[in-house]
Every structure is written in C-alpha cells, then in structure tokens.
Amino acid sequence: MEKFLYLFRGGENNAHDMRDNNLSPEEMQTQMQKWMTWMKALGEKGILVGGEPLQVTGKQVTGTKKVVTDGPFIEAKEIVGGYLIVNAKNIDEAVEISKGCPVLEADGKIEVRPIQSMEM
Amino acid sequence: MEKFIYLFRGGEDNSANPEKMAKNMQVWGAWMQDLQQKGILAGGEALKPTGKQVNGIKKVVTDGPFVEAKELVGGILIVNAKDINEAVEISKGCPIFNSNGSVEVRPIQKMEM
Amino acid sequence: MSSEKNNDVHKIVDHLFRHEAGKMVSVLTRIFGFKNIEQAEDVVQDTILKALEAWKFGKVPDNPQAWLYRAAKNKAIDVLRRQQLKYKIDSDISYLLKSEYTLAPALNEMFTENEIKDSQLRMMFACCNASFTQEVQITLMLKTLCGLSVKEIGKAFLSNEETIQKRIYRTREKIREENITLDYPGADAMTQRTDAVLKTLYLLFNEGYHSSHPEKLIREDLCEEAMRLCLLLIENPKTNLPQTNALLALMCYHVSRFGARLDDKGLIILLKDQNRNQWNKFLIEKGNEYLSYSAVGNVVHDFHLEASIASIYANATSYENTNWKLILGMYDNLLSRTNNPMVAINRAVVLGEAEGYNKAITELEKLKTCTENCYYNTSLAEMYMKVGDKETARKIFGKALELTSSNAEIELIRRKIKMCS
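Residue numbers (the working numbering), protein chains in the order written: chain A, 1 to 120; chain B, 1 to 113; chain C, 1 to 421.
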C-alpha cells in the first residue's frame, strides 16, 4: 500500500466555485452530498486518509526575498480547489479510484501524485 | 484557530545528490519539528516528482504533470494559525526559500450545510 | 402574555426537552465516541439553555425539534473544528469528522430520523454492557436515553444525589479503561445482549409503574420512555425478537390501567375494584397485537408468560370472570424458571381465586424469605380477611404498614385495617 495525493482543479464542486457559479442551496447540497457519498465509500474501504477543500483566496510567498503577494491570480480552472490523500497499491489504482470523484463530472481535473515516504 | 495549506513549488531537485538530499531533509525536519512542538503542524506530505493527470468529464488519463519545475507542487503542509497573515509569517521559516522556491498559502474552506 | 399561557408553554417545553435531550445525547455520543459522553451531555445542556433563552416569553418556534437539532449540530461542529474533545474520537464515523469535505454533511446525516434511531439503539446496548451492574445500567439509561437529571434519578431510586453522581463518575472511568464503544454487539452476541437490554427496560418500566415518586408525570414518563425504547427495538430487525414483542405487550397491558389505578383523592384502587371502563382499550388492543407478534419460534421467554398473564387479566370482562385456572398454569410455569419471590406471591393470589383462600394461605406461609416484604404481608392479610379471620388480618396489615414509605400504600393499608376492626 502506498499513499497518493489528489490535487483538484476546476469543476464546480468546491464551495467557493458553487457560490461564484450561483448554485442554489439545493444544488450546493446535492454537490456536497456527492462528495460525501464518494468519500464515505472510500472511507469504508480504508482508502481514504484525509483531505480538505480550499477557499479560493490566498497569498503567495516567493523566492529568497520571501515576497508576499495576494493570490493565486491564475485561471480559475488552474487553481487548486482541494486535495485528498488515499491509500492505493500503485499509481494506476490511484488513478482508477480518482475517477469516482465528482470534480470530473463538472469538467475539472485531478493531478495524481505519489507521496514520498519521509525516511530520514 | 484556523487551518491553512501550504503548497510548495520550486526549490532544488536533489534526487541526483543523496547527500544534499539528506541534508535538505534534515533542515525541513527541524523546521517541521519546531512547528509540531508549537502545535502549529497539522499534517503534511512530500511528493515524488512523477504523476498522472485525470481530465474532465471523459476522465482522460495522461502522464504528467508536465509543467515547469517551478510550477510543480513538490509537497504540502497543513498548519494551524490565527489568520492568513499569521500563516504567511509562519511559512517564511520554510527552507524552500533558501533555494528560491515559493509557498502558496490557502485557507481551508469550512463547508456549511 | 398571561401566566396561564406561560405555564402551558413551560409544560410543552419541559416535556420536549426531556424527550429530545435523550435523543441528542445518543446522537452526539455516537459522533464524539463513548469516552467523550460528558462533553456530549454538555453540548446538549448548552443547547437547551440556549433554547430557554431564545424561547422566553412564549416565543417557541414552529418546529422546536428542528431548532434544537440545528443548534446542537452547530455547537458540535464547532467543538470538532476546535478539536476540543478530551479523548480521542472512537466512533464508527470518526474519519468523516476529520475533513471539511465531510464534517458538516456527516453531522447533518446523524440528525436524520433513521440515524437518530440507530444512535439510540447503540446507546441502549452500550448502557447495558455486560461490564456494568444492573444498577449502573438503569442509571445510565435514565441519564442518557431518558434525559433525567441526577436529582431526578436519585428521587426515582429513593437514593441520594451523591450516590448516583459517584456511580456515574466511576462508570465513565470504566468506559475509558475498557474502551467500551457504541458499536453493535456481534451477530453471535446479539440475542444475549438484546435480552440484557430488555431486562433493563423492564426494570426501568417498573421504576415508573411501581415507584412512589410524588410526581405522577415523572412516573408516567418513565413508563412511556421504556415503551418508546422497546418500540425502537421492535422497529429494527436485529432486535425485533419474539421476547421484545412480548415485553411491549406486557407494558401496554400495564399502562392500559393507568387511568383507573388511583381515585380522585390519589388513593390506590386495587385491580379487582377498578372501573374497567377506564381501562385504555386502545392499549389493550395494542397489547393483544404485540402478544400475537411474539408468538413465534420455539422458545418461551419469561416475558411471554408475563404478557400472557397480563393479557388474560386485561381481556376479562370482570374480575370474577377472569380465567384463574389458565393464569395459575402460567404462574406454575413461570415459577419453575425463576426464584423471584414476587412471582410466588402473585401465584398464591391467583391460587386463592382458583382453588380457595385457605390453600393460598398455606402456600404463602411457606415463603419464609418474604416476611419483610410489604406486598407479601398485604396479600397474606387480604387472604385472612377473606376467610373471616379479621384479627390475624389486622395484625399482618399492621406489619405491612411498617414496611412501606409510599403515602398511597400507607393510606390503603390504613383503610384495610379499619375494615378489620
């Protein structure tokens, strides 16, 4: 078993996007329910390790001078909207598991990255 | 207390130099240990430089991510802080800046129903 | 706003709080884990105080239950977000509570009707864990599921607050030490654990039915609570056993006589003197219904017998027309399974009706262990009265008088003594 990180981008499924896209409370509820259902299934199978949705705002600290700017100011579909950590045999299995994520049906995308086990 | 995520980008790729890598990990380790002791650290992971991407409604799978090194997310950290400004201040202790990397600081979204 | 309306609101609100507190504590304990039960109770307490404040001057919302649940849910989310729980969460949904993706939706789900019922079921099993003594089991049930305060529990048991409080502290320690959770018993232990729950429910019911608590409402509430919880067991296939139905039937029959037990001065009316028109026919029908549901399988449970006996009493057209022989047979069966002296006494009473009072007196006088029991003495005295020996009857009634602290019973015995003069 290995751990993998999902980075979610785009899609209408994050709360902030939902507000921006003027989803009604019922639609918001439906979306949240989809995430809940998917994650609950992962949890019951011992696949889910953790994850959080992110607010659309933030700041950026850059370079040796640690310059602080507001951000992220990039295309909405490129902003990381949330992440999840899962257990899977290998990256291909992690990819298969990710296909159940509601962000895809809203035309978003998922970056799947293997986690580096920290051995000092 | 609120929760924030740090998305690390850039910095050095020391995978070819195990000694440098070990030293780098030590520096990171010390910083994270300090955060842990102060009750600031709430989680974190380092990422391997490889990966795949699943795209859109059709769930098209591609290798990747193929972006510039300085754009690639190298790891994440979750921290507790009073507000985003404090979170930003805390992030400045990160070793990634020594090698010209960047940290994106984002608040965790509280979902209400 | 008139003080009359205020009083009505108060009654509605007290009743509501008692009922909903039990449900909310069960739900929150399910979420926080059994070890954190104290904090679950704190959140509920907090919620009720908030409601009292917001609903002052009669401003009760249209859906008070929804108001309470929403307030409790939000407070719980807050506690979880701030990670204020004292002990590590050990619940079946703990992984859902760690991510903002699922925290609010999970809490929402926990406050839906089916999950509330499920949480109460789990709580019942947890309260009746084999590690706890019978006393502790009832105390836990009364406190967590029925929403009674330590003071009220003390009164119900004729025990003092300190004793109850100590018992609760020690139990909480035990929960932590032994890692007792709100998980369901395994399939192989299900029947055994359900029987334990039924036993405790019946004890709880009897606390309400026979208690000498001065407040009639509390007594009826306890019976109602026991029946409500028994109904929960029936609604769930895992716990819908024949004996569960038999117990509910038994409780229905007993409660059907609530209206006829006391006269308008609060004095006790014995079964044979009760006005059967005041018996709740709907409840008797319900009793009959559940008794029929219980008549499955090969095992005869004690509750089957007790319910059948109660059924014969309840469905008889008059005391005289009661089928004493049939009841006697059932008591014989019951007696062969239990050492309970109350069963022996009850059987003797029936024997008196079926085969004559002298026989009953002989039987009763064989019971050497019951001589300090009030009911034993009143039953025996009653028999002597029936055979015409008023002097012996008066003496034994006199003894019974010293063995009870119930005002209603004392009044009844005094009346009997007068009749023997």
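Source of the hints: derived by calculation from the structure; they are not laboratory data.
Any given hint could turn out to be false.
[As the list claims (entries may be wrong)] Derived CB-CB ranges, DEER-like:
hint	chain 1	residue 1	chain 2	residue 2	range
1	C	Lys86	B	Met21	37 to 43 angstroms
2	C	Val60	B	Glu2	33 to 39 angstroms
3	A	Gln29	C	Asn236	41 to 47 angstroms
4	B	Asp83	A	Lys99	32 to 38 angstroms
5	C	Arg172	B	Phe66	56 to 62 angstroms
6	B	Glu89	C	Asn160	30 to 36 angstroms
7	A	Glu96	B	Pro49	45 to 51 angstroms
8	A	Glu96	B	Asn100	32 to 38 angstroms
9	C	Lys56	B	Glu2	42 to 48 angstroms
10	B	Asn100	C	Glu177	53 to 59 angstroms
11	C	Asn160	B	Asp83	48 to 54 angstroms
12	C	Asn160	B	Glu2	30 to 36 angstroms
[To be verified] SDA-like mimics (lysine to any residue), calculated; alpha carbons at most 20 angstroms apart, straight line:
hint	chain 1	residue 1	chain 2	residue 2
13	B	Lys70	A	Gln116
14	C	Lys281	C	Lys265
15	B	Lys70	A	Ile47
16	A	Lys89	B	Asn100
17	C	Lys199	C	Tyr95
18	C	Lys86	C	Tyr169
19	A	Lys45	C	Lys50
20	A	Lys89	B	Gln36
21	A	Lys66	B	Asn85
22	C	Lys151	C	Arg81
23	A	Lys59	B	Lys48
24	C	Lys98	A	Pro72
25	C	Lys98	B	Val73
26	A	Lys65	B	Glu86
27	C	Lys98	B	Met1
28	B	Lys110	C	Tyr95
29	B	Lys70	A	Gln60
30	B	Lys110	C	Trp324
31	C	Lys75	C	Leu85
32	B	Lys3	C	Lys151
33	A	Lys3	A	Lys99
34	A	Lys59	B	Lys52
35	C	Lys325	C	Gly297
36	C	Lys75	B	Gln109
37	C	Lys11	C	Asp78
38	B	Lys110	C	Val60
39	B	Lys48	B	Leu72
40	B	Lys52	A	Thr62
Computed from a predicted model, the values in this text were never measured in an experiment.
Note that beta-carbon positions come from the ideal geometry of N, C-alpha and C, so glycine has one too.
Non-conforming hints, listed in increasing numerical order = 3, 6, 7, 9, 12, 14, 15, 16, 17, 19, 20, 22, 23, 24, 25, 30, 32, 34, 35, 37, 38 and 40
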